[in-house]
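J.: Sequence lines, in order, name chains W and E.
What the first sequence shows, in the working numbering, is residues 1 to 571, in sequence order.
What the second sequence shows, in the working numbering, is residues 1 to 334, in sequence order.
Quick list of simulated restraints, FRET-style, between CB atoms:
| id | chain 1 | residue 1 | chain 2 | residue 2 | range |
| --- | --- | --- | --- | --- | --- |
| 1 | W | K160 | E | S191 | 58 to 68 Å |
| 2 | E | S191 | W | Q517 | 55 to 65 Å |
| 3 | W | H548 | E | K185 | 54 to 64 Å |
| 4 | E | Q178 | W | A304 | 22 to 32 Å |
| 5 | W | A277 | E | Q178 | 21 to 31 Å |
| 6 | E | Q178 | W | G325 | 21 to 31 Å |
Treat the hints as calculated values from the structure; they're not laboratory data.
Where is the CB? At the ideal position from N, CA and C, for every residue including glycine.
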Amino acid sequence: MALHWKVAGRAGEGIDVTGIMFGKICLRHGMNVFSYREYPSLIRGGHNTHQVHAGFEEISAQQKHLDVLIALNEEGISFHLDEINQDSIVLCEAHQDGYDLEQFRHTGAKFFDVPMTNISRQETGHFLSQNVVGLAMSVWILGLDIEVLSQVITDQFQQKGQHVIEMNVRALHQGYQYAKEQLPQLKEPQPKKENSQILASGNQAVALGALSAGVQYFSAYPMTPTTDILQALASYQENYPLVVKHAEDEISAINQAIGASYAGVRAMTASATGGYALMVEATSLAGVMETPLVIVVGQRPGPATGLPTWTCQSDLQFILSAGHGEIPRVILSPGTAQEHFELTRTAFYLAEKYHLVVFVLSDKMSLESYMSMPRPAETYQNKRLSFALDPLPADDSYRRFEVTEEGYSPRSVPGQPHGLNVTTSYEHDEFGYATETAAMTKTMNEKRHRKMKAVLPDLPRAELIGPEHAKLTLVGWGSTQLALAEVLRRMPAGAVNIIYLPCLWPFPCDAFFHYAQQAEKLIIIEGNLTGQLALLIRQETGIQAHHHIRRYDGRPFYAEELIIELEALIE
Amino acid sequence: MPTIFSRSTQRQTPEPQTTEPAFSSPAVPLDAATPQPEAQISSDPGKHAFVSRASMESPYFPTWCPGCGNFGIWTAFKNALVELEIPEEKLVIVYGVGCNGNMADFNRVYGFHALHGRAIPNAVAIKLANHRLKVVIVSGDGDTYGEGLNHLISAMRGNHDVTMLVHDNQIYGLTTGQTSPTTEKGTKTKSTPAGAPETPVNPLGLALNSDATFIARGFAGNIKHLTQLIKAAILHPGFSLVDMFQPCFTFNKVNTYHYFKEKIYNLQDQGFQTNNKVLAWEKTFEHDKLPIGIFYADPHSTPFHATLAQLQSGPLVHQSIEQVQMNKALKGYS
Chain W
1 MALHWKVAGR
11 AGEGIDVTGI
21 MFGKICLRHG
31 MNVFSYREYP
41 SLIRGGHNTH
51 QVHAGFEEIS
61 AQQKHLDVLI
71 ALNEEGISFH
81 LDEINQDSIV
91 LCEAHQDGYD
101 LEQFRHTGAK
111 FFDVPMTNIS
121 RQETGHFLSQ
131 NVVGLAMSVW
141 ILGLDIEVLS
151 QVITDQFQQK
161 GQHVIEMNVR
171 ALHQGYQYAK
181 EQLPQLKEPQ
191 PKKENSQILA
201 SGNQAVALGA
211 LSAGVQYFSA
221 YPMTPTTDIL
231 QALASYQENY
241 PLVVKHAEDE
251 ISAINQAIGA
261 SYAGVRAMTA
271 SATGGYALMV
281 EATSLAGVME
291 TPLVIVVGQR
301 PGPATGLPTW
311 TCQSDLQFIL
321 SAGHGEIPRV
331 ILSPGTAQEH
341 FELTRTAFYL
351 AEKYHLVVFV
361 LSDKMSLESY
371 MSMPRPAETY
381 QNKRLSFALD
391 PLPADDSYRR
401 FEVTEEGYSP
411 RSVPGQPHGL
421 NVTTSYEHDE
431 FGYATETAAM
441 TKTMNEKRHR
451 KMKAVLPDLP
461 RAELIGPEHA
471 KLTLVGWGST
481 QLALAEVLRR
491 MPAGAVNIIY
501 LPCLWPFPCD
511 AFFHYAQQAE
521 KLIIIEGNLT
531 GQLALLIRQE
541 TGIQAHHHIR
551 RYDGRPFYAE
561 ELIIELEALI
571 E
Chain E
1 MPTIFSRSTQ
11 RQTPEPQTTE
21 PAFSSPAVPL
31 DAATPQPEAQ
41 ISSDPGKHAF
51 VSRASMESPY
61 FPTWCPGCGN
71 FGIWTAFKNA
81 LVELEIPEEK
91 LVIVYGVGCN
101 GNMADFNRVY
111 GFHALHGRAI
121 PNAVAIKLAN
131 HRLKVVIVSG
141 DGDTYGEGLN
151 HLISAMRGNH
161 DVTMLVHDNQ
171 IYGLTTGQTS
181 PTTEKGTKTK
191 STPAGAPETP
201 VNPLGLALNS
211 DATFIARGFA
221 GNIKHLTQLI
231 KAAILHPGFS
241 LVDMFQPCFT
251 FNKVNTYHYF
261 KEKIYNLQDQ
271 GFQTNNKVLA
281 WEKTFEHDKL
291 PIGIFYADPH
301 STPFHATLAQ
311 LQSGPLVHQS
321 IEQVQMNKAL
331 KGYS
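All chains should be modelled from the sequences, with the hints used to inform the complete structure.
T.: Shown next, in the form of structure tokens:
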């Protein structure tokens, strides 16, 4: 059983919190959940939606077709005509909002003009709980347990006090009673299952992953789609040895992270790609200083301010080369919330062990969508890595940038006796003193780049997902992998398999070559115009795909649309 | 010489998490790549328990032009550090990029030679990561009042406990003579052949306006006075700004030693009190005579790190992350 539910209305009407509550209702029934948000870059008045796909089977992305649509205004229907049909139920307030439902009859959907606002006013004295009433009606239609909703509401409004909780609980019971009497039930009531999962956005998963990895300094400047990382980490400060600094700009944010890391704590910064563009010079600084640094980059459509609240994957080539001079780096590309958690942990491990800049490259689709993921463990162990011996020899023989075979050298931190050195943005010798000699310049460049080889055994590996042989072999990265996982589940067995790429740099040449060689037809699917992953694959392996599917209109891929394109390629 | 990795790395214990694969092989020393530096640092540990002239000696001697104001500032700075008896490992100097920043190679300390204009964010985070450290920023007028002005204002507003020593030579020296944010309006430089078009920044007025809690001005030609200023600045709990007149022999033919000797007077010699922002404000606008000394100081200010509850139990870097309990963070996610 899967259900597809959406709430649509004006910004400022609590669309998002309604969507998250519905996601939690499903989660507490034991389901897997994916919920996707669309909203314009406005605080009030624009068209907002929050859409939930939930079910007991595996779920990884939203779909177009809806079972239930709650429309809080006329646009809540008119913008979504291609998402509803005779199997859909639409809850709206056409009479009160002053529009005619006849114009939408051709969709075949069942429209119900229901008193969400009236029940809200009657029970709370305010229209704002119309969402709660809508949720209660949805719960009836989809065969869910009203008590679960009641508990979700209680938890949600905990901060607002008992009075607010009671009013909302009254409103939801009225709404449920109305629905029971007036509305059909679309899905049979389902037995609930135990569910230990949590519901987290990509951003929240990054924050939790960083916390589990012992992040102690996070500095950032707010920018969609990574602002929630700043907010989540800021909220953890009261319980953890963590300083979160909202910096004066992105340049300061990354330089603060580098300073904190130099002083010995695990540090991270995050921004949208536009904000990251301001951090490019300092990326190079971390590279030459060999200071561990985790940078989370959230892609959104550019150029420039672009489409602030939409999604794309148009910055891979930028991140591959960002930073003047040649600096080693690792680029991880999570898709699911769980991957955001795990790969952020991995990023801290790699950065500290190898003294590297490690990117977690994601996008709005993944970062701002809520996904069920396994509950993180109670406790995480973090061994500190690649620090200099303490105490150091008292003869001042310590060399911070000692030339080693694996490229990274034991790191002293300020406060440690006999570990004095200059950590400098200039090219330098083993002690850190600036140098311009040809021999040392060459030696140090080579030393730093040896890390790219040393790091290989520790990188997350490329995998083949699905059957070993398939008619089409799909390649995607980041959030595109969410839609591809849905495609794999929905297409007939043997139709497609997927090359999964959790790490894009260093590019997993051998593994990719191996899988690509077995492919009948190789299809690269990515969210940009110029085929940036395709370019990378060709550069690193010489392999050219048979076909490309690209999207660069700010919208994520939908499995239903991809399947139509892919079916045409099989014939 | 053996590679000095910490024991925990050498032990090669596999990580319990599957996401963290086993360690790679330990470091193998190659042939030493760095030739022995010309100057040898004393290996007597007793000699550098505290920052001293001997402990600060690096293998490199300054490359500044003969007669550069940097020499006087460097001397005063070292005097101040020696007199303060700071354990050598507890001092971090963050350098900007410019002639002054090249001091990074002439001081044997924990040094962080930053990007041009960005020393401040590095420094405030070093302090927040380990607030037991003394953090001093060595930078210039272009670095601080031009490229990184946003950071300066923010650090002053936050009262971050770092000391900022601005080498103010009113010219870009390292790039051989262009206008700086403190160049007098109308001064002809290589980048402004018709004369500098902007009114210069008033750094001390800006500091007052940004609620900096220690604001002073010194002169490279008065080492004794500058030593005392730098000492007071480092001891100040909170953000301290010392703007330092620094003659540039090579590229600034106007603001010379003679120019400053004629114009300078010491505020404290006149009994100037340092607790009045309005009087200090007036002093920042004096041009015919140039006041040096402490303009304003609030010795009771609370530095940024002291406002953070999570630092009450000790510096961040000393708080262990080897075991992280997740339960408190996981509330509200299900």
